[in-house]
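Residue numbers (my numbering), protein chains in the order written: chain L, 14 to 553; chain P, 92 to 416.
Hints in this document: simulated from the structure, not taken from any laboratory.
Quick reminder that beta carbons are idealized off the backbone N, C-alpha and C, glycines included.
Incorrect hints may appear among the rest.
Within a straight-line C-alpha distance of at most 20 Å, the following computed EDC-like cross-link-like pairs (lysine to aspartate or glutamate) qualify [claimed, not checked]:
| # | chain 1 | residue 1 | chain 2 | residue 2 |
| --- | --- | --- | --- | --- |
| 1 | P | 370 | L | 106 |
| 2 | P | 370 | L | 107 |
| 3 | L | 517 | P | 115 |
| 4 | P | 371 | L | 457 |
| 5 | P | 367 | P | 395 |
| 6 | L | 16 | P | 178 |
| 7 | L | 321 | L | 311 |
| 8 | P | 379 | P | 402 |
| 9 | P | 371 | L | 106 |
| 10 | P | 370 | L | 457 |
| 11 | P | 367 | L | 457 |
Per the computed footprint, the stretches of chain P lying under chain L, defined by three or more beta-carbons under 8 Å from a beta-carbon of chain L, are [what the hints assert, rightly or not]:
| # | region |
| --- | --- |
| 12 | 328-339 |
| 13 | 382-395 |
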Amino acid sequence: MRKPFAITLDPGSSLANHTGTWRTLRPEYVDRLPPCNAACPAGENIQGWLWHAECGDYEAAWRLLTEQNPLPATMGRVCYNPCESACNRGALDEAVGINSIERFLGDEAIKRGWQFEKNELNGKRVLVVGAGPTGLSAAYHLARLGHQVQVREAGPLAGGMMRFGIPKYRLPRDVLDAEIARILALGIELKLNAKVTNLLEEKKNGNFDAVFLGVGAHIGKRAYIPAGTSMRMLDAVSVLRSMEGEAPPLLGRRVVVYGGGNTALDVARTAKRLGATESIIVYRRTREKMPAHDFELEEALQEGVMVKWLSTIKQAGESSILVEKMRLDATGFPQPTGEYETLETDSVVLALGQDVDLGLLDGVPGLEVKDGSVQIGANMMTGHPGVFAGGDMVPGERTVTVAVGHGKKAARHIDAWLRATAYEKKPSGEPASFDRLNPWYYSDAPKIVRPQLDLIRRQSTFDEVVGGLGERNALFEARRCLSCGNCFECDNCYGVCPDNAVIKRGPGKRYEFNYDYCKGCGLCAAECPCGAIRMVPEAL
Amino acid sequence: MTFQPVKFYQTGTFTVGNRLLPAETRSVQANMRRTNSLNSGHRACQGCGEALGARYAIDAAMHATENRLIAANATGCLEVFSTPYPETSWQIPWIHSLFGNAAAVATGIAAALKVKGRSDVRVIAQGGDGGTTDIGFACLSGMFERNDDVLYICYDNEAYMNTGVQRSSATPPAARTATTTLGNSFNQGKNLPWIAMAHGIPYVATATIAELRDLEAKVERAMHVRGARYLHIFVSCPLGWGHPADQSIRIARLAKETGLFPVFEAEHGEVTSVSKIRKKLPVTDYLKPQRRFAHLFSPEVRTDLIARIQEGADRNVRKFGLIEN
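Chain P with its partners taken away, still in its complex shape:
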């Protein structure tokens, strides 16, 4: 019988760091000298999931590229709260142009670097769900189609938060926004990771701010691939979704644990790995704490709508095999 050492580290890799783990397996965020790419003093709301997700992702990308990184930013919360003139929170080379052209700007930067022979410097484009799934979609699709050497990161908080919570094509069914006061309708939706995969690009992944290790591993993986890559990060929005500021991570965790937001990786259009649900929960656990879904529970419980949302979650579980057999 071969010797199998007992490896058990109290919290394993669930927590950000773990003093019991060997140093080389610790997360970037646990490092005392992490880049803090998005620094203190930014004007994001209390408990902002996007600010957190952006620092997680860009710090990991900085780590993976040994700090040779340029980022292009679409208009949106992330741009507005981080760079009110003349201040900036970014501690990396960073450019903002228009709402819809982040992918195109990044493509241009990548092309210029290629001409200059600087293959060591890597390019990231980033934006919210509005700048990605709606306004910047054409430029993004073009970037995918040409397989430009850019990692595009979408921080998905499921509406236009910066301008006052208007519906986007990423807003989930039944969610109340300023423009869907009775709750968003059950449309076809616009699954961008799936669309990215349809382009057959080398790497597509989804992540949430509730699973840091998984998120960092995906950024690391993406930075070691050339060509167009897409990372879709689920970031909660306390103000727009109507949950307490300290619940941002819990809400993101519930999105994954209910099956509403599948966390997976795909290469060349093929799903290669999924992050399994640790303990399957009903969608109501996710919906109830958020005021944008309050109309599902009062004045009467809309079992019909909740059932449709549950169906969607169950479909994800089946489609991606989210539960360990």
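Just chain L, with the same shape it has in the complex:
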């Protein structure tokens, strides 16, 4: 071809110029560990299931959620949501209502009859002792791993503290029943009223390859209070348990509850609903020092429960108790003041914590018990090989969520132990802290607050206090998620690259870098809303 004057080269594309050679920093996609996931005692992939919920694919969300936790409708009611306390959105406006979305998913699953997928049996047999949250969780995970599971429960119904400890107004029993039934539908054998007394014999007779213990802590702690003959002294666990029986406990019109934990509040609120005109909590320290969760205290106060702060019970008379005023010393410990006051009451309920019934462990060699709890190793195994334990009977925080987490963790270790291997936890990414985010990109949106039952009905019935979210509100709430540290395909990196060096691979497939042209400017990393790109020095 004849070229114009002074032109000797054919025109070419700039694609011949590989500007990637300029790069000193290299962008990389990463998955960081979101704070919610890090905080979840049950190890849920919260950011992951919210991703599905954001799209309105609630079944996929529920399936991902239940890979870790088989009780979402229960969790969405009784979990104290450490995820929300850790949520990065809290630094922006308010934490995402993870708990209410979890409840929505759980209720949706019950409504639509979603079931778990069964796994082929692998021939191993595991005995689970106790059908509380930790036992059910262990049984569920073991069954999904292909083990044949038998659950032994001493009580007349499954659920443990979820049934015999948590009042109905917080966890309606039809919800609990539905979630337990779905777990049992995996082919788990449940034996009720079948207390295990000799563990090793049961293990041998039943041909079990491993045992998981989750018997909980059901014995109410007592305190020494000199008492007259006629004062009704009860313990909180028995009171709450008898709520599930035929006859509600007789507490009288004036009830005093001694203690400052969540159980104390549960009893005080239950007493109110049973018709007590006065339901008074006596607690030796202050509101700030109370171990109970503040929102529960707030709800109790709304319902008319009264609290005597900085008080201890010195003596119980015929129809009254003697209360001594306390003061906090410099270390925050309550000290007696010598000032007394008399409180009229018909009964006193002690809510001072619970002990573990360790009777079934008699004669099991190697087992170590310290401070009333069974000691376990990092793999949840007790000192006796093949016997694992979790939940309230081992040291740690005593909540339903922690118990569920224990059950899961133990199940994975039992599975590995039965295969004569060790379970290796998949390493999680670096934490996705708030400073990794570019929060400018998120829409402003206040949290959706769950509806609450009428106060009058809360004081007189056991109807559920906190309502659930509707579909639209749950979707809104899910979309408040910042997706910390995990790509949610917002196309920002693909858009902001001045060099077209980001390749979009299509919906659900994320992106990749074209290192031939990436100059390493870092715009993608700076403008990634969720901090899913990091810049690393290029090896020169």
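Given the coordinates of chain L, work out where chain P should sit on it, guided by the hints.
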């Protein structure tokens, strides 16, 4: 009561794309088959705001005209980094003539298309602030006055960057350049969008690279109007302004959020809409990260000069009503 559906999409339209939005409301840049009018391999610096702004604008124009588009380019960074002989990064019909005559060249192309009866093919002229506010100003004013059917896009990076950061009439007060080593003086300035509006042309708009949706909407709107149109895009320059390459978009965002660069639209000389400030910030937030303003903060803090810059920003806020009441 009428039913009001809850519409909330996590990041709304702040991000480039959003998988939760209906497909028809997604941006051109989010499309896997966008034109990439300014392709990879160009020699712009790392984090170049102008390269980004040009691709945003021309891709959107290509989308709006169904790929029937011709662009004339003034001399400047954009021309130099995209077309070193014999390579080109442009994937559209593109012509470069002189520094000062992009508007005139585009006028000629538009006239030729008219003669040929090709009303479907649209014309764009583009250049930097030097080629627009200084050297090409006469040709541009003529184009406005004759109402030629051209969209002129100015990528404003506030100095002559290609030749080594010399002051232009778009350089802001107090900014240090190679020719204003003590900081630019507080002159009258030369507000080109305002001058374009004074010509009464059908459409004038400003935009920044920090707000893609807004920028794309304005290009789309401009391509559906006949006659002379002017789009002024604020593009940051990491090298010339002295900020890290990864801060280009943030700086542009700060220019808008402080009120220093008002983002608005005008038709026939009348402001028709403004993009509100989401969260008003003091001008120091914008000035501090840029080395060209470093002398305002050290060795001593020049509160007097900063106050004058703040006054200018506040004036913009009042003039355009940039804050939601």
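How the hints compare with the structure:
The hinted pair formed by residue 370/P and residue 106/L meets the criterion: a straight-line CA distance of about 14 Å does not exceed 20 Å. At roughly 18 Å between alpha-carbon atoms, residue 370/P and residue 107/L fall within 20 Å of each other, so this suggested pair holds. A hinted pair counts as satisfied when its Cα atoms are at most 20 Å apart, and residue 517/L with residue 115/P qualifies at roughly 18 Å. Proposed proximity of residue 371/P and residue 457/L is supported: the alpha carbons are some 15 Å apart, at most 20 Å.
A hinted pair counts as satisfied when its Cα atoms are at most 20 Å apart, and residue 367/P with residue 395/P does not qualify at roughly 27 Å. With a C-alpha separation of about 16 Å, the suggested pair residue 16/L and residue 178/P falls inside the 20 Å cut-off, and the hint holds. Taking the CA atoms of residue 321/L and residue 311/L, the gap is about 15 Å. The hint holds against a cut of 20 Å. The straight-line distance between the Cα atoms of residue 379/P and residue 402/P is roughly 17 Å, inside the 20 Å bound, and the hint therefore holds.
For the given pair, residue 371/P sits about 18 Å from residue 106/L by alpha-carbon distance, which is consistent with the 20 Å threshold. Straight-line distance between C-alpha atoms of residue 370/P and residue 457/L comes to about 12 Å, which keeps the hinted pair within the 20 Å bound. Between residue 367/P and residue 457/L, the direct Cα distance comes to roughly 15 Å. Compliance with the 20 Å bound is thereby established for this hinted pair. Here's how the region 328-339 of chain P fares: 6 of its residues keep a CB closer than 8 Å to some CB of chain L, so the rule of at least three is met and the hint holds.
For the region 382-395 of chain P, the stated coverage by chain L is not satisfied: 0 residues place a CB nearer than 8 Å to a CB of that chain, which falls below the threshold of 3.
Comparing the model with each earlier hint shows violations of hints 5 and 13; every other hint is respected.
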